[in-house]
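With our numbering, letter number 14 in the sequence shown gets 7, and the count goes up by one each step, no holes.
Derived by calculation from the structure, the hints in this document are not laboratory data. C-beta atoms are modelled at their ideal positions from N, C-alpha and C, and glycine is treated no differently. Careful, some of the hints might be misleading.
[What the hints assert, rightly or not] Label-pair restraints from in silico Cβ distances: (1) R4 to I24: 36 to 46 angstroms; (2) L0 to R34: 44 to 54 angstroms; (3) L18 to S(-4): 27 to 37 angstroms.
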Amino acid sequence: MFSAARLVASRVATRATSHAIYGGLATSATISGLHDATLFRSS
C-alpha cells in the first residue's frame, strides 16, 4: 500500500518537474526570440 502511494507520488513529482523544466525552456526561448527580434528591428 505504502509502496504504491510512494510510486504514484514520485511519478507525479517527476512529471511536475519535467513540466517545469520544459515550461521554463519554452519561456526562455520565447523571451530570447523576442529579444532577438527587437534587436534586429532596432539595428
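Evaluated hints:
Checked against the hint of 36 to 46 angstroms, the pair R4 and I24 fails, with Cβ atoms roughly 30 angstroms apart. At roughly 51 angstroms, the beta-carbon separation of L0 and R34 lies within the given 44 to 54 angstroms, and the hint holds. For L18 and S(-4), the Cβ-Cβ distance of about 33 angstroms falls inside the hinted range of 27 to 37 angstroms, so the restraint holds.
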